[in-house]
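Q: Residue strings, one per chain:
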Amino acid sequence: MPGPFIDDAQIARARKLAEDITEPIFELIRRNTTVSVERTVLRFFGISDAGAGGVPLANLMVDRLKAAGVLNKGAAYWYGRALQMGARSPMEAVERLTALPAEKLGPLSPEMEQNLRDEVRAEARAAMDDFKSRIAQRDALRKELGSGQAPHKYVIVATGNIYDDVDQARAAAQAGADIIAVIRSTAQSLLDYVPHGATTEGYGGTYATQENFRIMREALDDEGRKLKRYIQLTNYSSGLCMAEIAFAAAYERLDMLLNDAMYGILFRDINMRRTFIDQYFSRRICAAAGIIINTGEDNYITTADAYDAAHTVIASQFINETFARRAGLKDWQLGLGHSYEIDPYRADTLLLELSQAMLVRRCFPNAPLKYMPPTKHKETDIFFSHAYDVMADLVAIWTRQGIQLLGMMTEAMHTPLLADRYVALKAASYIHRAAAGIDEEFTVREDGKIANRAREVFGKAMELLEECQRDGMVAAIGRGHFGDVKRTETGGKGLDGVLEKAPDYFNPFQDMLEAP
Amino acid sequence: MPGPFIDDAQIARARKLAEDITEPIFELIRRNTTVSVERTVLRFFGISDAGAGGVPLANLMVDRLKAAGVLNKGAAYWYGRALQMGARSPMEAVERLTALPAEKLGPLSPEMEQNLRDEVRAEARAAMDDFKSRIAQRDALRKELGSGQAPHKYVIVATGNIYDDVDQARAAAQAGADIIAVIRSTAQSLLDYVPHGATTEGYGGTYATQENFRIMREALDDEGRKLKRYIQLTNYSSGLCMAEIAFAAAYERLDMLLNDAMYGILFRDINMRRTFIDQYFSRRICAAAGIIINTGEDNYITTADAYDAAHTVIASQFINETFARRAGLKDWQLGLGHSYEIDPYRADTLLLELSQAMLVRRCFPNAPLKYMPPTKHKETDIFFSHAYDVMADLVAIWTRQGIQLLGMMTEAMHTPLLADRYVALKAASYIHRAAAGIDEEFTVREDGKIANRAREVFGKAMELLEECQRDGMVAAIGRGHFGDVKRTETGGKGLDGVLEKAPDYFNPFQDMLEAP
Amino acid sequence: MATKPTKQIIRPYGDRRDDGVVQLSFTLPVPLSEKAKEAAAVFARKMGFSDVKVAAAERAADTYTFFIVYARTQHSLDYAEIDVPEVVVKKLGFDDLNALIKEKVGRRIVVFGACTGTDTHTVGIDAILNMKGYAGDYGLERYPWFEAFNLGSQVPNEELIKKAMARNADAILVSQVVTQRDVHKDNSRQFIEAAKAAGIHGKTLLLLGGPRVDLKLALELGFDVGFGPGTKPSDVANYIVHQVLQKEGKEDKNVHWEGEPK
Amino acid sequence: MATKPTKQIIRPYGDRRDDGVVQLSFTLPVPLSEKAKEAAAVFARKMGFSDVKVAAAERAADTYTFFIVYARTQHSLDYAEIDVPEVVVKKLGFDDLNALIKEKVGRRIVVFGACTGTDTHTVGIDAILNMKGYAGDYGLERYPWFEAFNLGSQVPNEELIKKAMARNADAILVSQVVTQRDVHKDNSRQFIEAAKAAGIHGKTLLLLGGPRVDLKLALELGFDVGFGPGTKPSDVANYIVHQVLQKEGKEDKNVHWEGEPK
Ligand code: B12
Ligand code: B12
Ligand SMILES: Cc1ncc(COP(=O)(O)O)c(C=O)c1O
Ligand SMILES: Cc1ncc(COP(=O)(O)O)c(C=O)c1O
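Residue numbers (our numbering), protein chains in the order written: chain A, 1 to 516; chain B, 1 to 516; chain C, 1 to 262; chain D, 1 to 262.
It is worth saying that the hints were derived from the structure and are not from the lab. Glycine included, each C-beta is placed from N, C-alpha and C at the ideal position. Please note that a few of the clues may not be correct.
If we take Cβ atoms under 7 Å as the criterion, some of the chain A residues that face chain D in the derived model are [to be verified]:
1. Ala171
2. Gln174
3. Thr186
4. Ala187
5. Tyr203
6. Gly204
7. Leu418
8. Ala419
9. Tyr422
In silico DMTMM-like links for lysine to aspartate or glutamate, alpha-carbon gap of 20 Å or less [said to hold, decoys possible]:
10. A/Lys449 - B/Asp439
11. C/Lys46 - D/Glu81
12. D/Lys132 - A/Asp343
13. B/Lys66 - B/Asp496
14. C/Lys185 - B/Glu201
15. D/Lys216 - C/Glu38
16. D/Lys46 - C/Asp18
17. C/Lys132 - B/Asp305
18. C/Lys53 - D/Asp186
19. D/Lys185 - D/Glu220
20. C/Lys163 - C/Glu147
21. C/Lys232 - B/Asp343
22. A/Lys104 - A/Asp504
The shape of chain A in the complex, shown without the other chains:
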């Protein structure tokens, strides 16, 4: 049982600070939209195909509207206009709209405007019903088959080829995996569109496409039925297409998504404003779809030192939590990320890691949490790396992580081989079986190293939150407080995809998603 370590009042204060910090950003979110949000709206309407050269229709349409300077009214509005012009299919809607000269895009009579919006709203409701029925299907199967015991064992497949991924995902499920993550190809987060169709070529991962999602989910449903255990699927709602991927993933019945309010800014040099706006809509979708998000605080301590920067993880988790709650996510959907990353050549690392993981548990008692394995200090000595991973398995079960990404003994070399996953799953199963309930066997001493370290880290996290509140998030990020990476508000990729909403901006999905 993780100690108290700190007063409840202190934790409440941290939460309050995080709310203060994010407050101004919600103002930004309220006032603006992005190309990606608008493409998501179109995808909700079923515009998921691609045109010639593989360019998604949603992109064709949004780019056209943006070029014409009218996207600020909302893509839903223009979709309605296209329908009014007699389009009988999404494809036709796109064709009609993109064919229109800019001067034909002026406003209609107030009555027609009203009609159009009513019609679009009706269609949006139907689309939302369809969407929800997909989620219900997923939940039904999950209930029917049941899941394994937490920590749910999460492994990645990353062959670059969706069909090889399927093979390996099935194998992993048979070897005991509860969650399959299909890692994306390295460059995808910087693409301002979602690639289309089944793909067989990728670097360091496989493209996230709706069709790839479908193929994998189908395979896992099949495998889950055989194994009589539901296998969860996750991918990345991250990069320049956060919201679109959230939609495609939810629609294809994924269970989780990597989704962080700041990862793109820090680790992908994506513009801040763009990221904040996109993350909000993507999280609204996740909230509605019962998707568990996985945040990326673990990444901070791959660039910064894990011992020195431990507090940044905690501070960021409070911020991520606030962003998430305000987007409607419930505590059970918060797979807040953290990891076992302290240099193993230091002394007391098991105590330090336990301290950190217990502190996270203490601060977020109802979140599943997502625990990541050692990566940065992994050695090419696979035997050592395996032993190192085993300690992370222990901390995961000890601190009741909901989700545990299993370490791979070949982490320092290559994306996992089929056998690497097998080895990791077998060890984790052993450790979980051996140590389940260990937290209930001990009381943590309030005067020990674990408790003292937890208090120290929490104290520093509070200082950082205070600074963020005082000087603003933008300044804090500018000073490199998170992951040792510095970014500016107007730097980074994708700022040109941000635009201020017109007064009559229309987005029926956002309205529905935000409805209490």
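With the hints as your guide, set chains B, C and D with the ligands onto chain A.
A: Showing chains B, C and D with the ligands alone in chain A's frame:
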């Protein structure tokens, strides 16, 4: 910090029971001697050479005396007779005595007898001084170089060839080993003599010979100087030559010895009486030589089930302790054996193993203890076996074991390769570094599984001790209570080497060793 | 008999079909250095590997370096050509087997077992013979239609043979666990010599078992059969019953069954 | 130059000198069965191993079996013949190197670095360039006589070259960490094409680094040098200074020094 779990009074009661149990055996020990004890006496006098065909002179002489029916007076006495006959060297003493016809072995005049004994006593004192000076040398070097932090990492070498053993022992020391055990060739424990000289052929191990001890100790002294860390050496004072090996080992400055009051009976089918008598003298030597003994309770749970037979380990440890204390050994010399052997496919094994190790700590707070790794359930899947060993590393540091034999990932296949030791040492160093002091971080809950299991095991151990006290050790062993192995008092090997002492039995070394 | 199957070429699977990825580790008796790493790579290439990655070079000691290598093998294999006897008869359970002995043999089958030579590892032979059995499978002592004698460990080969002959045993079971420097082979050969000398070789069934035993080795050494790791008592019971039946001409010589040694 | 050394034949050391023991693991795309085990053994023998022990056969999935094999290789190697360049000059420390630049070059050496292409792994290039450095060794930014520009990650090759040319850089440092499907090679080749197009190839020093980079690969790809895992900033600093001196004719072309890439 291991809990109280049980009352101090209960533990005191266990100790009292063990004393009652061993009491009658000390009667047996007082009244009898063995060929091996007598050979040891001769070795003390420097008779360590071998004759033609490699037969040790001590054997030649003792066999001759036994055949003549006069060994019950003590070999020391006959050694004195040989000296009186003018022998100027051990070799000559043997030659003279073995050449004598039986009828020439009658008693001398009372005065001559007295003289003879005085002379022999004087020589024995000189021998003992020499012996002690060797121990002092060892202790001085140990002090000069210092030892690593406990748990001392103990690895075995077992090539069969002492020179290869030296190579591998040096390599192991460089990789972090604190203690080197040279495993004996499989059949040696049943040999009723100690082989002679340097040996290069053995099965599953290398012969324990005085020369092999010397060669290895010399190499480790050299290596220790280079590493600025004293490297301890251990071997087996076990089988049919317990006491002789204890002498040779002490003389060659070994630091520890495997030495158990019952192992030979149970696992080598050596006669009970023989074993009890031999172990006493061997332990007297260890006590004087500051040698840490390692008992063999870990073996019980390789034949019996580790979960079911956990209490037999505890009961036996109390018995071994009593035997040891009565032979003059101090608590710091008691490397009581236990191990991490519960089937890893059971649930809660880490809790169960922690419980057991904490219970042992609770019962024997001042003993170094010797912790053994998993062996029986090791798999040929070396990655799994490595993960399994890592958990034993954790329990070892957690429960402050003085000595930890490191598990080998290839345990289920072969005696360790050089690389296996390297892998084990690297992992254990990591775990020890990561988790040192973890016991001080927690209070064990008295209502948890760990505490309850400890109480259960202790309770059963008490029952077994009560039974042994009531019905005697012989009966208990006869019922297969220890290691599921049944033995009778007059069965097994080596009974013919036991003989009742004559009223004028003479053994100046025993007198000196027993002097307070 | 199944018809000759078509070709089925396989190669190791690392991250994709047929990539040929193999992990190796070995120690070279040289100090850790760039030269040592290069030597490890040369070694791997000599062993026929390509795309050699010397992933780790660890200083195991001053003059020993431990290497971990990932590489690709060019070799492939026709899996269809791997020849392993086909399973034909379903293995019988405890009750059925006893019933079969009762009905067809009509007397208790007598077996003797021991761990012979200097080997003291009794857990394996106990697993096969003792009541308790192994992995939930009863030992031969439990079978009413077997009469099983377990002589324990460190039993001289001659003694085992003598005692078995005195009871006219149908089968003798020899366990060998210690294998260093092939001591198990030496001891097994000595057993066979003794069995020949006693005139029971070719008559009494001679079974060899242990963690490093397989059918091929046992046959080479002169035994009738060999059983390796994970053997269940019922595998052994089935084998003995079928052999006794075949010896007595009550069953076809070519019968194979599930669970027999391969 | 040392004289040609005498033969030094080595083989892997398992438990004794020259026993040739090697551990292997690999996966075959077949279900776990006796036949699969035999296939694994056949495979190991095809790879030239003898005394093959298929230690473990694990059911990794319904149609995949993971094997662990111990075997002996018959190959040996003449360690004396392994050719690795000899170290001649002692590597210079921080102060000495700065002094050397000041004295012999007489101006600050300008370097530009980045992790180019789609690769975002900055930790490696940061370790070389940033103040903080790596493993207790200062980064190039800390050297008063270096002027170091770190452009970060995901930098297009052309952009790096353009910026470096604008400052008349002495050296350009390219980091490549992601290697799947040889993306690092493709990107590196593209860098070299761009450098050629810009006319700086053969003029500006071009350094490649990353966990899978070594000298051989870097040369093959058209770089001047390559640095692999564990590189310290001072290794790189030494290399650059000596190369600049040699380019400017202030040092002999054949000088080698400790810590240079091998
Ligand atoms: C338990 C054990 C011991 C116990 C033995 C207690 C006892 N009474 O049996 C003790 C602690 C006493 C011991 C001592 C030694 N041991 Co030990 N021991 C083991 C251990 C840990 C487990 C063996 C075991 O019980 N396996 C479980 C049984 C069920 O498996 P099994 O024997 O394979 O049997 C199965 C099959 O093979 C088959 N089978 C076996 N026999 C037969 C016979 C027939 C006829 C049939 C049909 C089937 C059959 O059926 C069984 C059920 O499936 C192994 C390591 C390991 N994990 O394997 C080392 C191991 C076997 N021991 C080893 C050694 C070297 C020794 C010593 C020689 C060390 C020493 N020098 O002091 C000593 C002395 C023993 C001696 N002279 O024989 C080595 C052998 C190395 C080698 N390959 O040569 C091993 C592999 C450990 C190691 N890695 O070094 N050991
Ligand atoms: C930290 C890390 C990350 C961080 C990177 C943060 C950052 N800003 O750098 C994050 C979490 C963001 C990340 C993301 C990804 N990563 Co990453 N990551 C790692 C990790 C854990 C450590 C790398 C590291 O920092 N090493 C420490 C530095 C100091 O070592 P180094 O880079 O080798 O540098 C040294 C030398 O090589 C040399 N050097 C390096 N460059 C240069 C240049 C010059 C000129 C010179 C002279 C010397 C030099 O000097 C340095 C000091 O000695 C490795 C696994 C591992 N343990 O190695 C995976 C790893 C590199 N990542 C991998 C992958 C696949 C990814 C992703 C593509 C996954 C995905 N699809 O999402 C993403 C996307 C990244 C992208 N597009 O590039 C794979 C690469 C597989 C492969 N061989 O292709 C690895 C090996 C993990 C794995 N086993 O799958 N990753
Ligand atoms: C939140 C989040 N998004 C995305 C990624 C992956 O990176 P990419 O941007 O290449 O998809 C990570 C990596 O761990 C992450 O934590
Ligand atoms: C006390 C003791 N003696 C001896 C041995 C070794 O057996 P052997 O009798 O073959 O020397 C062991 C094995 O672990 C032991 O624990």
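Q: Look at each hint and say if it fits the structure.
A: Going through the hints against the structure:
no.	hint	result
1	Ala171	holds, 3 Å
2	Gln174	holds, 4 Å
3	Thr186	holds, 5 Å
4	Ala187	holds, 4 Å
5	Tyr203	holds, 5 Å
6	Gly204	holds, 5 Å
7	Leu418	holds, 6 Å
8	Ala419	holds, 5 Å
9	Tyr422	holds, 4 Å
10	A/Lys449 - B/Asp439	holds, 11 Å
11	C/Lys46 - D/Glu81	holds, 14 Å
12	D/Lys132 - A/Asp343	holds, 17 Å
13	B/Lys66 - B/Asp496	holds, 10 Å
14	C/Lys185 - B/Glu201	holds, 16 Å
15	D/Lys216 - C/Glu38	holds, 12 Å
16	D/Lys46 - C/Asp18	holds, 16 Å
17	C/Lys132 - B/Asp305	holds, 12 Å
18	C/Lys53 - D/Asp186	holds, 19 Å
19	D/Lys185 - D/Glu220	holds, 10 Å
20	C/Lys163 - C/Glu147	holds, 14 Å
21	C/Lys232 - B/Asp343	holds, 18 Å
22	A/Lys104 - A/Asp504	holds, 18 Å
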